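Visitor: As a plain string of letters, each chain reads:
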Amino acid sequence: MKVPLSWLYEYVGSNVPAPQLVERLTLAGLEVASVRVLGKPVPEGLHVKAEDAGPVWERDKLVIGKVLQVEKHPNADRLTLVTVDYGAREPKRLVTGAPNLKVGDVGQKVIVALSGSILFDGHSKDGKKLAELKPKELRGIMNDAMVCSAYELGISEEHEGIILLESDAPVGKPLVDFMGEIILEIDVLPNMARCLSMIGVAREVAALTGGTLRKPPHTVEMFAEPIEGQVKVEIETPKLCARYAAMLIKGVRIAPAPAWMQRRLGYAGMRPISNIVDITNYVMLEWGQPLHAFDYDLLKARAGGQAPTIIVRPAKPGEKMTTLDGAERTLTWKDDDGQDVAALVIADTVGPIALAGVMGGKDTEVHDKTTNILLESANFDFVSIRRTMKHFNLPSEASVRFSKGIHPEIVRPAAERAAELMRQFAGGRVARGLVESYPGKKELQTIALELEEVRNVLGMNFSRKEAIQILRALEFEITEDAPEAFTVKTPPHRTDIQAGSADLIEELVRIHGYDKLPATLMSDQLPEQHTNKPLVLEERVRDILVTAGLQEVITYSLTMAEREAPLGAPALDYVTLRNPISAERVVMRHSVLASVLEVAAGNLKHTGDVRIFEVGKVFLPKAGEKLPEEPRRIALVLTGRRWREFWDETSATADARASQAASLDFYDLKGVIETLAGDLHLPEVSYRPATAPYLHPGRSAELLIKGQPVGAFGQLHPKVAAAYADAGDVFKPLTGRTLLVGELDLEAILAAVPDRYTYTALSVFPAALRDIAVIVPETITADQVSEAIRAGGGDLLQGVRLFDVYRGSSIPEGTKSLAYALTYLASDRTLTDKEVDKAHKKIEDRLKHMLKAQVRGQEAAR
Amino acid sequence: MSDLNTLEQRALAELTAVADEDALRAWNTRYLGDKGELKQAINNIKNVPADQRRTYGQEVNRVKEALTAAHDSAVAREKEKALERSLATDRLDVTLPGRAVSRGRLHVATQVLREIYAVFADLGFQIYTSREVEDDLHNFEYLNMPPHHPARDMWDTFHTTTRGVLLRTHTSPGQIHVMRQFKPKPIRVILPGMCYRYEAITTRSEIMFHQVEGLAVGKHIRMSDLKGTIVAFARRMFGEQRQVRIRSSYFPFTEPSIEVDMDCIVCSGKGCSLCKRTGWLEIMGAGMVHPAVLKHGGYDPDTFGGFAFGMGPQRITMLKYAIDDIRQFWGNDLRFLQQF
Ligand SMILES: [Zn+2]
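Going down the list, the protein sequences come from chains A and B. Position 104 (the first sequence) corresponds to 104 in this note's numbering; numbering is contiguous. Position 337 (the second sequence) corresponds to 1337 in this note's numbering; numbering is contiguous.
Bear in mind the hints are in silico, worked out from the structure with no lab data behind them. One should not assume that every hint holds.
To be verified - When the alpha-carbon atoms are kept at most 20 Å apart in a straight line, the in silico PhoX-like pairs for lysine-lysine are as follows:
1) A:K49 / A:K128
2) B:K1081 / A:K49
3) A:K49 / B:K1270
To be verified - Partial list, computed: chain A residues near chain B (C-beta under 7 Å):
4) K404
5) D524
6) Q525
7) Y556
8) T576
9) G808
Note that the structure is predicted; figures quoted are calculated from it, not measured. Note that the Cβ used here is the ideal one computed from N, Cα and C, for glycine as well.
Based on the sequences and whatever the hints tell you, model everything.
Guide: Encoded structure:
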């Protein structure tokens, strides 16, 4: 809502400086998004964007003038010489190319710029820029003044022709005093829709500044014959139209609206069209009530010369009409949910004549020769208007106002105000009375309000006097039932009061000022404490993975099925968007890993080393349920070198360097998984070869807790890596890399995290260290060997650490040698060699018997 | 006897002239070695007249001790010198880079969320999380926005192909979930989580972002408590000097509704480019829980009241670290993430 301050101040008896006004309005919920200043210097303390402050109209250089004579320029066909009286002793003759001043014109009021004026250069070839007016010769005639266009003054982009002012504009008056302006652009929130009007904003200003609201008159001063019998109004669906009123204005002459009205409309952001249309717009801006003017004679003709009947009804299935923008529109349709929707239309006995509240019809439009006007002022259901406006994509000053809700009580004053303006400025005769149907009339709401409640809700005191003053300024009617207890009646322009006293409390604190609200600490009862274990554990998982050297990433949960397809066909449907923003973000993901692979690919464009993880949700539709399950997953991707090269790794240690910088492999990833399992104290963890189709069959594993798989990890299957490279350019950098990936079910893992675990006491007695080397067939896994060792070692065996795996010429083919460092320890004594020997022997025996292993035990060399 | 004295004098004089460890070793061999002069002097005792032998013996011992002591200190001196020499020559170029530590990091969004959790934990707020794919009831209707309510325009919504199912546009549906779970007990929670908006992705807007909402419900919760909570948060998060400004605003689920600004962390209110010359930065929306929302949550609005607030951690992070492009968050460029 654009609010020219001179217009606003006509309705409120206060004149707060603009910077303070902007601040008060903003704090009271009418946020001033920007300020435009026309002609005036920018007031101190007012924040105006550079492009919103035009040239300053110096009082002694830009003045109102009157055309005395327009002559032909002796040397140029397109130029004229204009003699103007601009209040100085001598008139001035100047040169102009304005197309709207013609030889022989006299008496027009124009804007005269004298030498030294700074204005936008109307002839600039390189964009909008300011230039100083200097005396110069124009085709042989010296010129040191000009008549100005709206463009030159910084008012609009209008280039063609100069501004012609109203005939009573005072000659010699500084222009800035006549039409300098400050325009506030206010963002009006949905509950402040009443402020989509000058009166609405003025009411707020009055309440905020202690001023008085002065509404414009809305009485018609002179009537012609009564309206009765000349038009009928019927509302078919009162639910959709609470009120419809028609007035008749006869004998109008279509012409431009008065210059002051056009100027105000222009400042408020509306293009002037003609007196009748401009008056309906002017009253809409003033009262917030959109109006529509029909050509009465066209309506009458459609009714066969009889009094027309206006019918407000939903469109009939398939019904069509041509709106005044020339488009033929089908007035019924199906919405996104497949429901039938019918636009609300204004019709006569022949058919629709307007799309209610949104746009008039072509057939009954006011035109140059219109003489009789049927003026519509009505109230429509905002939901219906909103749907129609959105369906046809026709937001306009009128439809936006209707779609936010307007109080039906404004219908009548707005109609009367417009009729009177048509009488004054279009030469019309207003038929006496108003034909209306008002099925939606409601009692004004009354609300009980006690100051005690205000105190309890706000934590702040209001005196009886303050409360009454604020509410009355906003036109609430107050009856004092008891000291500090009121009955408050809602004024007939508010549609937002729905929460009872809470709404009134908001009005009190909003107008009084939130700066006066104290800041206190809650003194209410402290709620019971609950821990959020799922979240605490999720954060612990993040910490563990970060400690393990991985970087956390967070990716879009919206993706496209094709990006997940290489990981295996989805077993479920996707949660799919009906209105996606792009083809890449259409479904809610089934896989976190696919997203993390995409991040890896992106980063591989500029680095070779990536170790990342994400803890995030996947979205799995569940049969028979409307909403999907949203389990959390851990996804990991590792690729690149184990260590970053370092500058002192000279050629002498090339081997060391090679092994240090070697590519990450399965066991690096497994180390991460083991760290996670260990730090979470997961019970009964084991690993077995994975069967997931997206993993390398020989280089991948499943993580099991108590025998149940909770996820898989390992090297990405080379075929899958290739499929990704084909899936799109984003994945190209994955080509030819060893990618270590994994996806784990966080919910299953967290369910297994023990509530508590206990620490193992530290023995003060020395440990006995023994190594053992075991030669087993390749088919025996390391897990089987260590299990056998543990089982054999009993309580005294406190540590089993694999430190070497050997395959080679010194042992039989098809076997491997696994070497373990074993730690024997008792918590209550120093172990004797005999005890250790005994335990060690048991291990050897077990290995030999259970695994047919060849054992080569030895005393630890350490 | 005088021979011993001469030996001692000569040996000590030579010792002072010794310049390095080799010479010191040679001196040691010459005087204190197995075939050294002192040994010879000891062997010489048999040539000393018997009555002088005792004195001679004592004297030889004294000279031996003196020379040994002198040698020991000379050795120590030489060691010290050698150390000095090596310390003087064994110098590193300390400007060469150190070995890289292989470390991981939390995403900056997680880091800031945790900061927010910590501040509110101190204020007695617990964390409550709820689903991201929601139904229209929880995202809109229970929050006082019936179908086609104009306020729905404030949230551009991703709808799914299932009627009435959408991606939550805010964490506010969690208010209903938490109230229905804990009614009629008092509540003090924050509701963090991912939200979605149907918007073009630009430097300033994203289709997916975190939100942290706060909710306090009880029998004696006042709006001044809301202000106190917000001031405490702003000062913990952005510095103890922070000032807070409240503007009236509108949300369908609060009444009264407010928008909260904080004085600019760059210019402290004087006006700069970060705050677009206003001196203020918007940090959250808030208000007193609307009676209709309390009712939907299972609380009697005549007895219970409450406040709610909601903020965008990404916006807060952008302010904190002067990040000018919101797309960095889910872009996950390691060069971005490793800066935090
Ligand atoms: Zn600033």
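Visitor: Could you tell me which of the numbered hints above are not met by this structure, giving the numbers in increasing order?
Guide: Violated hints: 2 and 9; rest satisfied.
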